[in-house]
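Enquirer: Sequence:
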Amino acid sequence: MRSVHDMIAGRDAPQPQGENGLGRILADLDSHQCRFPLRGEGAAMRFCAAEVTEADWLPGFAGRSYCTFHRRLSEGRGTPAERAAPRILERLAG
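Just so we're aligned: 88 in the working numbering is position 88 of the sequence shown, and the numbers increase by one with no gaps anywhere.
Any given hint could be a false lead.
[Stated by the list, open to error] Pair by pair, the computed Cβ-Cβ distance ranges are: (1) 28 <-> 68: 18 to 28 Å; (2) 28 <-> 89: 39 to 49 Å; (3) 64 <-> 28: 18 to 28 Å; (4) 43 <-> 90: 16 to 26 Å; (5) 22 <-> 94: 25 to 35 Å; (6) 56 <-> 86: 14 to 24 Å; (7) 51 <-> 94: 40 to 50 Å.
Simulated from the structure, these hints should not be mistaken for lab results. For glycine and all other residues, C-beta sits at the position ideal for the given N, C-alpha and C.
Produce the complete structure using the sequences and hints provided.
Expert: Written as structure tokens, this is what we have:
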């Protein structure tokens, strides 16, 4: 299985202002900061901590407590049926 580091290698992940790139532990995150796990385990787990806009912040929904970069990274392509759904709906509506 690929690590998070491998998944974002070569991409410009967000850097919260004043941070060193190691992220923050959960207890140090403020409201509306990205909860995408970066490294570590248990209480030592580090999270992204980049700001999440008010419009995007919906904790409890998949990916809605992640910054835009990490939400897109976590979404995936979907199943073949999910990718075909817009075309099928368009045909049925027309």
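Enquirer: For every hint, state whether the structure bears it out.
Expert: Hint-by-hint comparison with the structure:
1. 28 <-> 68: 18 to 28 Å: holds, 22 Å
2. 28 <-> 89: 39 to 49 Å: About 44 Å separates the Cβ atoms of residue 28 and residue 89, which means 39 to 49 Å holds.
3. 64 <-> 28: 18 to 28 Å: Given range 18 to 28 Å: holds, Cβ gap about 21 Å.
4. 43 <-> 90: 16 to 26 Å: Given a distance of about 49 Å, which is not inside 16 to 26 Å, the answer is violated.
5. 22 <-> 94: 25 to 35 Å: violated, 52 Å
6. 56 <-> 86: 14 to 24 Å: holds, 22 Å
7. 51 <-> 94: 40 to 50 Å: holds, 41 Å
Hint compliance for this structure: hints 4 and 5 are broken, all remaining hints hold.
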